[in-house]
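Engineer: These are the residues of each chain, in order.
Protein chains: 2
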Amino acid sequence: MEKEVSIGLLGLGVVGSGVAQLIENYQDDLKHQLGCGVRVKSVLVRNLEKARSYDIDHSILTTNCDDVLNDPDINVVVEVMGGIEEARKYILQAFQAKKHVITANKDLIALYGPELEAAANENECDLFYEASVGGGIPLLRGLSDGLVSDRIQQVMGIVNGTTNYILTKMDVDGTSYEDALKEAQELGFAEADPTADVEGLDAARKMVILARLSFLTNVELDDVEVEGISNLSLTDLQYGKQLDYSMKLIGFANRTNDHHIEVSVQPTFLSNKHPLASVTDEYNAVYINGEAVGETMFYGPGAGSLPTATAVMSDVVEAIKNMRLGVNGKKFVKPRFQKELTPMDQRYSQFYLRLHVKDEVGAFALISELFHQMGISFERILQKPSNKDELAEIVVVTHETSLAKFKDSLAKLRELYVVENVESFFRVEGDAK
Amino acid sequence: MEKEVSIGLLGLGVVGSGVAQLIENYQDDLKHQLGCGVRVKSVLVRNLEKARSYDIDHSILTTNCDDVLNDPDINVVVEVMGGIEEARKYILQAFQAKKHVITANKDLIALYGPELEAAANENECDLFYEASVGGGIPLLRGLSDGLVSDRIQQVMGIVNGTTNYILTKMDVDGTSYEDALKEAQELGFAEADPTADVEGLDAARKMVILARLSFLTNVELDDVEVEGISNLSLTDLQYGKQLDYSMKLIGFANRTNDHHIEVSVQPTFLSNKHPLASVTDEYNAVYINGEAVGETMFYGPGAGSLPTATAVMSDVVEAIKNMRLGVNGKKFVKPRFQKELTPMDQRYSQFYLRLHVKDEVGAFALISELFHQMGISFERILQKPSNKDELAEIVVVTHETSLAKFKDSLAKLRELYVVENVESFFRVEGDAK
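Sequence lines, in order, name chains A and B.
This note's numbering numbers the first residue of the first sequence as 1 and each following residue consecutively.
This note's numbering numbers the first residue of the second sequence as 1001 and each following residue consecutively.
Pulled out of the complex, with its shape left as it was, chain A reads as follows:
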């Protein structure tokens, strides 16, 4: 049996503790697969005295990053501390010291992935980040290795468990947004400050990573259009039910045949026939449409100590195998295409639209004439007298149309004197065409 491989951890939060626990519990399994033992030699923490849920040998804890980054015994550094600048500095330093790096840090990879990949490559080191998207789901590996000889056309992801939990509560139980958020916070699915989750930023970062891998182009966070769920109204979700839709926060990464791409995150009405519609509670899932393979979906826990640690460990095992074979630093994402964003007039979908209109004869005729002139037809129409005096509520679902045309129509609609207010509109996906 070969010499034990020493690992250094940067951080000992939920994921870090999970990694330490898996290495301890599954030592025999790791030895069987790797032909050598694996041990955690040093762990960088902020506070040596902090009480920890996982019982770890305190002598390996340190507050000095050099104990991890400058220890020649340590071959693999696992960054699970989170945050941006410090993590970036440490990782670059690890590459300088020819250490392989595994990270679960989606924020860092979304912002500095290309820089870090280049540094890894220069130093012939591995940089893996399976845990950065979809927690325990072996997703990036499926995308980059499993579908390697296909052309990915569309990725649709439920990549944020917090918002999926909240939306499930709202959709299934009719809970208000505020109560559902509170419940998620009590269960530990949402942070005290839930902004990054509920405003879609967390999902946007993950979609950047997925889009880069899928389309081999340098997608950046600024390229992503983001809309969160904090303004959703139960009224729309109830209409959604009548229409056989589920409301989901969907991250889209779409590519046209001429390599234009769209990356966005937005609350979306999904037909209940779509495989993603049945993904409820805090679960994550990513649906991938490839030119050759067709539809595939990966489903699983998007977060949690042990699930995420499982993904980190799959990377650690790969890095150690590569060490044994002497082939580290060979697997990285080579950008291939110039980035060009899909213009709005080439982004097609159906739309759901809810309006308050004056309750007078011919109001609906005016509206439908406007859409007709814009070349947009309706698939579904629901109309009911509103509670508000003199106003009727109209819900329409359009046939597929371009985003540009839909936005033009909205602007024109707002000028119609019969239209009191455009209450809401959402992208609709997954209906049979």
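Please keep in mind that the hints were generated in silico from the structure rather than gathered at the bench.
Yeah, the Cβ is synthetic: ideal placement off N, Cα and C, and Gly gets one too.
Possibly wrong hints are sitting among the right ones.
Where chain B lies over chain A, by a calculated footprint (3+ residues, C-beta under 8 Å) [stated by the list, open to error]:
no. : segment
1   : 50 to 62
2   : 307 to 313
3   : 330 to 339
Based on these hints, arrange chain B on the given structure of chain A.
Structural biologist: Chain B in isolation, oriented as in the chain A frame:
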């Protein structure tokens, strides 16, 4: 750019044509990833003159296997001819000639996987078979690499598209088994002789492969209990609907904590809350429960020319990358545990049972007393007068119990004079415990 890599195909059926087509269509993509071109140099076929749906250069077709197996230019052999003995002989010959082998042949791998892996290993060759289970779904890679540091406890698979299509038609549309099978045959989802599919043999072979990878033990086809769908009655499916169950042909691979395993294929009532319940039509999906990761699921097309070819190509790309790195033959399944099958008294599940009983006072009391004595309690009971004279129909769903106990109870039940006939019984899975 390095020298082009030459591939030899054994077979040019639907999958072989798909592989040739992907290599031709995605040549630029392959070059980008591999740093070298890939071409199909020779294709072994039975009949040179046969009309083919895919337009291929006829000069590379041959009926002489030596043109593939003894050509020193060919580094990678793709076996997509099917069948057992001939395919096995050719693959062993390919390893002798130090060629890497990719196969989509589940029957062969289920029967001779360990022998072939040993031969590959001996000759420092790669043997990959991603396409053998779940068609285009990157499933085996997810299991063996993605969940590498987890302990898989349960695999539940819808791994046969033909039967899933038939069951969907029966379940959703109320089509009879015979009509659904005919429809599947007309659509090309079922063979003229559907036996291997509808009797569960195809699924059993795939479960052998999944169980080996999941549990690192030498599962063989004889270890699998197999029951097909050809005797299913619409009556049971209708009761299933009332109980909020979907009928699926499920392949199980379960491991107890002491490494006892159960591998079986059987028609199963799945709670509609289970992620597999929403997998309809010809789609496949595999649900995996790992000690650390929890629940994950992989979903996608289980068959089809291009989807399956995508999986084959992911293996081809991996073999070529390994060639470039000089590390072929390092990845194979090392059995680790003695195989021990789980005895029937340690195999727990719920059961659905439908009985015809004499329509007399106290009949149900007798039956329920019998189950009570056996220590089996009921979760649900449905009773209705049957059309047949003097007989009532009773459906019960038990709480979780052992298979041994349930079978004992069935035997005793058949001896009760009030029980006219045990019409059917099925395993029930996915209900909240």
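Engineer: Does each hint hold? Answer for all of them.
Structural biologist: Hints, verified against the model:
no.	hint	in the structure
1	50 to 62	violated (count 0)
2	307 to 313	holds (count 5)
3	330 to 339	holds (count 3)
Comparing the model with each earlier hint shows a violation of hint 1 alone; every other hint is respected.
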